[in-house]
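Asks: Residue-level listing of the chains:
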Amino acid sequence: MGASDFAKLPHIGESLLRKEDYRFLTGAGQYTDDIVLSNMQHAVFVRSPHAHALVRSVNKAAALKAPGVVGIFDGQDVAADKIGGLPCGWLITDTSGQPMKEPPHPILAQGKVRYVGDHVAMVVADTLENAKNAAELVEVDYEPLPAVVDVRDTQKPGATQLHEAAPNNHCYKWAIGDKGAVDAAFQNAAHVTKLDLVNNRLAPNPMEPRAAIANYNRAGDDYTLYVANQNPHVERLLMTAFVMGLPEHKVRVIAPDVGGGFGAKIYLYAEDVCLTWASKKLNCAIKWTCDRSEAFLSDAHGRDHVSHAELAMDKDGKFLALRVHTDANLGAYLSTFATAVPTILYATLLAGQYATPQVYVEVDAWFTNTAPVDAYRGAGRPEATYLLERIVSRAAWETGLTQDEIRRRNFITQFPYQTPVALQYDTGDFHACLEKSRELADMAGYDKRKAASKAKGLLRGVGYSSYIEACGIAPSNIAGALGARAGLFECGEVRVHPTGSVTVFTGSHSHGQGHETTFAQVVASRLGMDPSQVDIVHGDTGRVPFGMGTYGSRSISVGGAAIMRALDKIEAKAKKIAAHLMEASDADVEFANGEFTVKGTDKKVTFGQVALTAYGPHNYPLDKLEPGLNETAFYDPVNFTFPGGTYICEVEVQPDTGVVRIDRFTAVDDFGTIINPMIVEGQVHGGLAQGIGQALMEHCIYDRTTGQLVTGSFMDYTMPRADDMPEFRLGHVVTPCTTNPLGTKGCGEAGAIGSPPAVINAVLDALAPLGVKDLDMPATPHRVWQAIAAAK
Amino acid sequence: MQVQLKVNGKSVTVDAAPNTLLVQAIREHLHLTGTHVGCDTAQCGACTVLVDGRAVKSCNVLLAQAAGQTITTIEGVAAADGTMHPMQAAFKECHGLQCGFCTPGMVMSAIDLCQRHPKADATQIREQLEGNLCRCTGYQNIVKAVQQGAAAMKA
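Here the protein sequences line up with chains A and B, keeping their order.
Just so we're aligned, residue 21 is where the first sequence starts under our numbering, counting upward by one.
Just so we're aligned, residue 602 is where the second sequence starts under our numbering, counting upward by one.
These aren't lab readings, by the way, just hints derived from the structure by calculation.
Predicted model only: the values in this text are computed from it and were never measured.
Check before you lean on any hint, since a few could be wrong.
Computed far set for chain A versus chain B, every beta-carbon distance over 10 Å [said to hold, decoys possible]: (1) R38; (2) Q50; (3) R172; (4) D277; (5) L421; (6) D449; (7) M463; (8) H531; (9) Q533; (10) V679; (11) Q710; (12) M717; (13) S733; (14) G791; (15) D794.
Have a look at the derived ranges for each label pair, beta carbon to beta carbon [unchecked claim]: (16) B/A643 / A/A592: 49 to 59 Å; (17) B/K607 / A/K152: 25 to 35 Å; (18) B/G669 / A/H802: 41 to 51 Å; (19) A/K152 / B/G669: 25 to 35 Å; (20) A/P87 / B/A643: 51 to 61 Å; (21) B/A643 / A/H190: 36 to 46 Å; (22) B/G669 / A/E459: 51 to 61 Å; (23) A/R238 / B/P619: 30 to 40 Å; (24) A/E159 / B/P619: 40 to 50 Å.
Think of the CB as a built atom: it goes at the ideal place given N, C-alpha and C, for glycine as much as any other residue.
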């Protein structure tokens, strides 16, 4: 079935209430820490208090005598058992043609620690309290070394060196675009706008901290790992094939209810491997639940780019070329997808919504004494959007155009559109998004509102951001050519039961996105049944065939498409069974609203009758068809999907205090076909809150000298709270994706991608009369006040 | 140490070490795992329960301090036949939850909020929910749910 027929089905576009809500609202959700197994021990990690130090020795003697302790493991034990380091899933090739530097990433320190929170030892005891007490008794002899946390410091001559395998702390230099053509375009430019900016480091902070329970079963020589994770098959593949050398069929990974992910739960972490390894050594189940303080230290962080950008224009404000250099902070080690974020997921988006003929981007990626940095909601695309939308608005102000007019003059209008940085956009309507956003934001009334603010002594400003993102990750052949070490397809299995109800097994994982509802809507609509007759199973390698999981706004467009393909097979087989029952030829059978009919006759059988026949094949073409109605499909997308939109933010700034208040925030998105508007809008709300959080509040700060994490708790790291957020105005433009059978584009990350530059552009617009020209995120009252004071 | 208290309408005795937190007693001794722990600094509110009708962060109270008091956790909010409390129903109808982890604490705070401030407007609700963090929803639908739940609780 194609996208246009799909969009017309019943239930598509309906805000069905969520099937999963009852258990969450009544306390019946089952998150990893809620699970209690028999003979379950508790693990605590001894973590480095130093940002960079040699580990001279680890003395476990006193701790081993502490009450309840059953085992303590350190780097020597890891080495003795030949447990490998954590792999990086994406190989980037340096501009020199050499592979990126890939230093070892041990699960427990091998003679050196490289960030505060780095794993030194694991203590296992009968209770959590005993494990914590014993961990205090592990004596680690550290020899502290100088630390470097900032990308601008780590590349300086004489900087402390993290890894022998990465001279000068450099991981790779990577570039995309035609440098010669870009340089030539700059020579002919009527105007060049330049901008330096920092994309602030963030802590993802899903509300459920990471947690895992590993359980070794000696009778079957197999393992079960419960883990708060977004992609259990990927977790299993990386752990078995690349780290522990275990056969995959002996490891079952279950990601039960997971309390948010936002990227931080994609990766294979050291804790997961330590628990699995030790559960066999100790022949027991071992639980570890991360404290929030530990999460700040050890979850992969997001963003942390320092960039310089230049935009060349002609005399009419048409973009001629964009030139960008970015220094990306990868942290102390390469996390699972770290290397793809500042390259494939970033630089390829720098054409944005604009028909800029030439773009050249150069990226240097660096190691520092900080927690590993990896994908966080948006992953590269927020960094690209922030850079591009900031420089476009600055270009407008420098050339006397309005923020909307400069965008109109440069929007891409013809599709498909091949950008100069590899991507081919299939569809979109950027003008429609801009105009609809202006209308919803009531830009006609802006001047009045600005005057009213002025009368109150407040400065009002408006900021635009027209973002595009590449979602539906990813065509495996393209990803492979770009360095991915795994495929990026998805699987779906549709199991029709004899009485006609359906269980669907999907490789996508829901940790807040509502797949149990949306995917059931897709299936119920196709088969003409009530969504209550469809259950979705996910998050268990023991039940789902094989799946790549949920990230990059890929679930509906890739996982949903796999289910659609499986439904195509179900429908094809069911038609044959129906044809047999109605004594018609296969070609004359039609299926709609749960009924099979024969063209030109009044014959019909229901889907339920066909299902029953498939499992009770008494009157059945057994010579031509197998019994049963159970189909699996693997779907590999042919292109990325390209959600886009225009966000408009309006702020009021108090010039005396630097306090910024968002007065209104309007988001118009094009997500293609929308299956459940309620869920989609919820995803946008959440993304906006994270993007506004980045713009105004959130900042993960390491002390530049000592490498200590300054923002290590919710007392220090400013999480957005209910009274920090405005009421959002949302709108949609729909141009269905042309490359998948649902027409969907993905909606999970848009809010976090599009909003930061809209906010900062609004603050800069408000401060323009005071002479403020630049401001880095987060625009806290202190920073805004400093900028105002500096401009005076 | 033995502590008697009433939890979700039932009298219970918890035998636990003196340093046991109320949230540990609820989760680990009484196996009521709907009450969650999202931080270690009493900031996130995922562990919120009602103690004698008032919303309290159970990570910040010793079990001993709750002796003799009446505790309601998220498991005790719905009717005996499973019908959701009007506030739970409002959260569902308004899509006021996504991953569900902050939700129990959010619902407990909301019930207390509406009992204390039955006429709270959106701004007041946002201020009153300061103690409960949600990373998924951006709060908009939570505020809507609390308004709708408040109206339903009055009805």
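Asks: Hints broken by the structure, by number, lowest first?
Replies: Per hint list: 1, 2, 4, 8, 9, 11, 13, 20 and 24 violated.
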